[in-house]
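Let the sequences and hints guide you as you build the complete structure.
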Amino acid sequence: MPDLVLDLAAGWATLLLFGGGLLLLRASDTLHRVLALDVLVAIVIMLLTILSYLRDVSYYIDAALALALLALTSTLVAARYVTRGGPF
Amino acid sequence: MLLDVLGAVLLALGLMLATIGLYGLLRMRDINHQLHPAGLVTGPAVILVLVACVATGSAEIITSAVLVILFVLITSPLSTHAIAQAARRRPRRDR
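Sequence order for the protein chains is A and B. Per my numbering, the very first residue in the first sequence carries number 1; after that it's consecutive. Per my numbering, the very first residue in the second sequence carries number 101; after that it's consecutive.
Mixed in with the good hints, there may be bad ones.
A short, non-exhaustive set of chain B residues, derived as facing chain A with CB atoms under 8 Å [to be verified]:
#1 A138
#2 P144
#3 A155
#4 I161
#5 S164
#6 L167
#7 F171
Cβ-Cβ distance ranges computed for the label pairs, FRET-style [to be verified]:
#8 A/R55 / B/R188: 41 to 47 Å
#9 A/Y59 / B/H136: 30 to 36 Å
#10 B/T163 / A/R26: 36 to 42 Å
#11 A/D3 / B/T163: 36 to 42 Å
#12 A/V57 / B/L102: 21 to 27 Å
#13 A/R55 / B/I120: 24 to 30 Å
#14 B/E160 / A/D29: 40 to 46 Å
#15 B/R188 / A/R26: 20 to 26 Å
#16 B/F171 / A/G21: 40 to 46 Å
These are calculated hints, taken from the structure and not from any lab test. Glycine included, C-beta positions come from ideal geometry on N, C-alpha and C.
Next up, the structure:
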């Protein structure tokens, strides 16, 4: 892909990251915060993928895979915490 | 050349979906309403950006991207469902 497209995509994804931060700041509730962090992780995964295309290196997508794994675990545990008052 | 155009279109489509989803998230206040655009951002938008890897033509990147796509296909509905279940089952005082 041309570098211009990838640069534009990386810039746009960074702007989306700011939008996600705004969402996190506006959250009024534990569940809203969990949802906002889930969305932020999805945007960071997109950013890492675009970075991987830009540098033509596959390591960043592996980092995105680890991040997705962590996000799944943390979301499940936080949702359980909201329901039962503790992680277990 | 054709692959370049395809990759750029997929990338733009994914980022557009993410933008629309984020706008919806900022617009809606109730958690049950917010779950719908959140599912749009964490599922299809990420997958479209990852599918754009066909334009790079690098075997390493495509293999990793396919792994991440499979993982996201499984985990994105799971986390959304967990949040919906928590919103339904949490104690009344938290609502």
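Taking the hints in turn, this is what the structure says about them:
1. With 8 Å as the threshold, the beta carbon of B/A138 comes within range of chain A, its nearest partner Cβ sitting at about 5 Å, so the hint holds.
2. Below 8 Å, beta-carbon pairs count as interface contacts, and B/P144 has none with chain A, the closest being about 10 Å; its hint is therefore violated.
3. Taking 8 Å as the C-beta cut-off, the interface hint given for B/A155 holds, the closest approach to chain A being about 5 Å.
4. Hint status for B/I161: holds, given a least beta-carbon distance of 5 Å to chain A, under 8 Å.
5. Below 8 Å, beta-carbon pairs count as interface contacts, and B/S164 has one with chain A at about 4 Å; its hint therefore holds.
6. Hint status for B/L167 relative to chain A: holds, with the closest Cβ pair at about 6 Å, below 8 Å.
7. Restraint check, B/F171 versus chain A: the minimum CB separation of about 6 Å is within 8 Å; hint holds.
8. As the Cβ distance of A/R55 to B/R188 is approximately 43 Å, the hint placing it in 41 to 47 Å holds.
9. Checked against the hint of 30 to 36 Å, the C-beta distance between A/Y59 and B/H136 comes to roughly 34 Å, which is consistent with it.
10. The given range of 36 to 42 Å is respected by B/T163 and A/R26, whose C-beta atoms sit roughly 39 Å from each other.
11. Separated by about 23 Å at the C-beta atoms, A/D3 and B/T163 break the suggested range of 36 to 42 Å.
12. Separated by about 24 Å at the C-beta atoms, A/V57 and B/L102 satisfy the suggested range of 21 to 27 Å.
13. Between A/R55 and B/I120 the beta carbon distance is about 28 Å. The supplied range of 24 to 30 Å therefore holds.
14. Range check, B/E160 to A/D29: about 42 Å between beta-carbon atoms, so the 40 to 46 Å window is met.
15. Here the CB-CB span from B/R188 to A/R26 is close to 23 Å, well matched to the stated 20 to 26 Å.
16. Restraint check, B/F171 to A/G21: a C-beta distance of roughly 25 Å breaks the suggested window 40 to 46 Å.
Of the numbered hints listed earlier, those contradicted by the structure are 2, 11, 16.
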